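Student: Residue numbers (this note's numbering), protein chains in the order written: chain A, 1 to 134; chain B, 1 to 105; chain C, 1 to 330; chain D, 1 to 504.
Hints are supplied without guarantee of correctness; some may be wrong.
Some, not all, of what chain C presents toward chain D, calculated at C-beta under 7 Å [unchecked claim]:
id : residue
1  : 113
2  : 135
3  : 143
4  : 145
5  : 198
6  : 261
7  : 264
Note that these hints are calculated values from the structure, not bench results. None of the values given here were measured: they were computed from a predicted structure. Every residue, glycine too, gets a C-beta built ideally from N, C-alpha and C.
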Amino acid sequence: MIAKLLINHYEAVAVILSGIGLANLLLQRNLIKVYLFLAAKGWVSERAAPILLKDGSEWVMDVDKYVNPIPAGLVLTGIVVSVSVTAFALALTLRFYEKYGSLNIDSALSQMTKEQEILEAEAALKVDIGDNIS
Amino acid sequence: MPDIEISNAEYYLLMFCAIFLSVSIFFCLFRSALGPRFTDRVIAANMIGTKIIALISVLSLVIGEDYLVDICLIYAVISFIAVVVLARSVISNKNYQDELKEIDA
Amino acid sequence: MNDGLKKFLLDFYNWVTGNGARTENEDAMTELPPVLPFTMEPDKIQSRFHEKTLQERRKDWINLHGLSVFSILYRSFSIITCVVIVGLLLITVSELPPFGDENNPANNEVIDRYIKLGGNETGAQNIVAGMILDYRAFDTFGESAVLFTGAVSVLMILSAARRKNDEPKNKLHSGFNDRNFLKRAPPIHELKDDDAILRGVASLSIPAIILMGCVVIINGHLTPGGGFSGGAVLSTALILCANAYGFKKVHEFFNERTYIFSSSSALLIYALSKGYSFFTGANHIESGIPIGTIGNIFSAGLILPLNICVGIIVAGTLYGVYALFSEGEI
Amino acid sequence: MTVKTLAYNIPFISIFLMMIAAIITPVLPKRHRIPEKLSCICLFIVAVLSGYLIYALDTANGDIAFNFPVGHYPAPWGNELRAGLLEAVLAFCYSIAMLLSLTGNFQSTAEDIPERRRSFYCVLMNLLAASLLALTYANDIFTSYVFIEINTIAACSIVAVKNSASTIRAALRYLIMSLVGSGLVLISICLLYDLTGHLLMQPMHTKIIELVKNGKYIFPLTVSLALITAGLAIKSALYPFSFWLPDAHGSSTNASSAVLSGLVLKGHIFLIIKLFLRVFGLDVIEALRMDKVIFILGVTAMIMGSVHALKQLNIKRMIAWSSVAQVGYIFLGLGLNSVEGISAACLHIIVHACVKPMLFTSAGGLSAAADHLKSLHDLLGTFYINKWAGLGFVAGACSMMGIPGFAGFASKISLTMASFDSPLIIWSLAALALSSVLNALYYVPAMIAILTGTDEKIHGVHEKIIIPLSFKISIGMFIALNFYLGLRFVPLLRLIMRGVNIFG
């Protein structure tokens with residue numbers, strides 16, 4: 001198996017890198033770091049298809065002279081997709097930071113529970129006052 | 001592009017250069033990650049960019065493809081702008097902190 | 001209920017529960033605030049002195065330890081998941097067809113045609129450009145749409161956010177959500193120092209960068225490159241301009257209106273021309289778009305105008321995202 | 001060509017129409033709610049066209065489905081769309097449901113979203129519709145991936161559009177989860193391409209059959225099937241991966257909740273169906289034992305979704321958790337791995353796409369009647385304030401419980417009928433029964449809550465709220481659709497079954 005892995009070492013490296021990306025996505029509590037690794041992952045997992053593009057300038061239309069162009073197109077699409085996803089995610093993070101004052105989901109979580117308590121208390125207060133007045 | 005014939009000795013020289021550049025990129029990476037001051041990081045990042053440009057040029061000689069030189073040009077532009085933007089944002093942040101201190105004082 | 005009353009009630013509630021603003025001589029205050037009948041029912045007060053029920057203990061325990069236990073569980077679970085996935089994928093990769101082999105399933109009749117007939121059928125010297133903008137143009141159209149979606153989302157989330165009157169007014173809880181923790185640095189264009197070196201470099205290099213971007217876009221069907229890469233280069237010119245001369249300078253010729261207008265119309269031209277080509281192709285009608293000779297600038301049918309459109313969209317979008325992040329507006 | 005020219009072009013035209021609507025919306029004037037009207041008109045045109053497509057395919061000789069090459073090049077080289085009865089029915093249902101949920105929430109959208117954002121919101125809605133249609137018709141696995149990404153970004157941003165802290169958080173969680181999902185899908189697409197050398201579905205299918213027959217690359221095939229199913233399952237909120245859903249659907253604005261819960265989940269589920277039937281084929285799925293996994297997950301989702309919904313007090317979160325349970329029904333039908341099972345699953349997709357937007361719309365109407373409070377305790381007696389919303393909620397709840405005559409009954413009975421031929425009959429019947437009881441356990445109290453009111457609420461001693469005409473029309477149409485599906489589902493099921501038979 002190791003020998004086979006060595007033959008496919010491009011894919012193996014790509015897979016390991018994407019695994020690291022995935023682990024970071026799940027583990028990192030800091031959102032910015034999450035996105036950095038995510039961008040890397042999107043790009044790397046595309047590499048799982050072998051590419052080495054050679055666009056010769058001669059008009060030779062022979063299969064042997066060129067390498068598969070489809071993965072190149074897929075990589076291009078993947079890069080564009082990951083650019084726009086990353087931009088969107090960063091925008092959301094910026095708003096998240098403005099709302100919660102932190103990039104850490106955990107502390108935001110406790111913040112959230114406090115906020116919910118306040119909301120519930122306020123709602124209860126409103127109901128109580130309403131009952132009392134009527 | 002007229003194919004540039006490279007001899008064996010030149011090939012080994014170029015490969016040595018490539019390996020040397022890759023190793024030194026790693027050192028720069030460490031510096032940019034560890035760097036105690038902000039300037040260390042920025043200079044390290046800039047150096048990584050420069051070395052990558054050199055690496056790509058070496059690669060274009062080894063493979064014999066001239067379009068890689070275009071990539072060098074674009075890479076140079078992007079690394080320059082990256083450094084400018086980093087420096088700008090830090091300066092503006094520093095000015096802001098100074099203003100805050102003035103207000104406090 | 002109007003805002004004033006809401007604020008009053010909230011302050012009142014905070015005062016009652018002790019979370020409100022403290023008075024200066026708090027220690028001197030001996031008298032307890034009166035317990036209001038409707039905020040704390042008598043039986044509830046009594047229940048405080050009872051032994052804690054099981055449910056209450058559980059709740060307390062969760063309040064104390066819940067987060068850390070959750071995070072430990074979550075961490076171990078995600079590490080296990082990732083290791084399992086990576087292991088599976090490694091085994092998979094070892095069984096994949098060997099890298100770089102000519103007899104791989106991927107080297108089949110599809111690639112054959114792309115490479116053998118691609119030049120004559122699309123007129124593009126660059127096979128990749130021919131493939132993504134002619135054979136599989138629908139994917140690329142979708143890809144531009146992804147970029148457009150991303151740009152619209154970022155614009156929607158960031159640009160409108162700083163305006164105070166945008167917040168919905170009739171929502172009960174909107175007051176709570178407006179906590180603005182972020183102390184933003186001032187926008188870059190307000191910098192006082194005026195950087196002579198940077199301006200000199202910028203005035204020299206911006207025309208060169210723009211030229212380079214245009215070359216990459218226009219030669220997209222001949223050499224590696226094309227709309228996406230050329231657009232990225234053009235956007236760096238804009239970003240450099242904004243950094244050297246300030247955003248106000250860029251604002252004079254490129255603001256949100258021009259951005260929306262240019263990218264919408266470029267995408268519209270793209271969609272309509274490609275739609276025409278799709279439509280005629282599917283219905284077996286002659287489209288009448290000349291292919292030209294391979295290797296000329298004016299060749300490859302629609303690929304050149306499509307590359308220009310894509311370049312405009314990408315340049316605008318990348319600059320727009322940068323400006324939104326650093327300025328809050330384009 | 002056996003179909004008429006217009007019908008032949010409909011799949012392409014409908015995707016393109018929504019795209020162009022999305023592209024020109026930002027430059028349109030924002031006043032008089034022109035962007036929203038444009039979306040509604042385009043959706044209506046798409047609905048009419050899809051209806052015509054159903055008619056054309058239904059009356060054509062024999063069971064036909066056709067391929068539409070997008071561009072000048074035939075199958076393995078260019079992109080392709082493929083349309084059959086099933087796709088046409090789904091496209092019709094999507095466009096109708098989206099149209100009704102947009103018109104029904106016309107007012108609440110205006111209240112929740114400032115005018116400046118509304119035009120962008122319409123762009124995203126149009127893109128969402130286009131991507132759903134493209135996911136329905138696409139015959140190319142990479143095109144599907146591109147449109148999945150459009151779908152993800154648009155869906156996350158219509159959650160975040162309300163710009164409150166909770167929606168931002170929900171959108172972030174949603175985004176992270178769906179990015180994991182699309183990462184898995186992408187890896188799996190790369191693997192599949194490496195193994196088969198094709199991106200189009202039919203050539204891929206022949207290649208996969210060949211590989212399985214020769215016993216080559218079985219393990220990579222299994223892994224890629226598992227990964228792509230897992231990725232799409234995360235995006236379609238199958239139970240263990242569904243914890244992002246209640247936040248995202250419960251806190252966003254009503255129109256977003258309705259569209260997300262009713263349609264966006266279904267787009268990904270339909271892609272799984274397409275993958276199973278068209279790319280891998282039922283035999284391969286059975287040989288790789290994927291159907292059992294799907295069945296077990298479906299049953300778990302049916303029960304756990306309801307159990308979670310039982311705990312909720314917030315009405316929108318309750319409905320959102322109920323979506324998780326309903327997704328479980330669809331996966332149960334898929335796990336039966338037969339034509340009947342998949343037809344029943346498709347019927348349930350349609351039923352749920354018609355009922356869930358109605359529930360969200362009317363829940364929004366009810367909570368607007370209770371001063372925008374959403375807890376069940378606050379909704380006491382709101383039926384008498386906004387009778388249209390109340391009626392809609394009652395009809396939707398009855399449908400979800402599977403009371404005969406309502407839409408939910410149709411899909412439940414067809415799932416039951418489908419499971420008779422399956423070896424898993426006992427399990428599936430038990431799960432259906434248990435889940436129905438659980439559904440009733442939380443929908444009945446909610447109905448009781450909105451129907452029991454204090455005297456002043458019943459006798460109208462409260463401030464009158466004006467129910468806009470669009471809301472009435474939308475709820476009325478939804479209720480009519482509901483009854484139509486519940487009473488006359490047999491021809492529809494037959495149509496779907498014909499569609500599934502020619503789907504592969």
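Student: Hint compliance check: list the failing hint numbers for this structure, sorted ascending.
Tutor: 5
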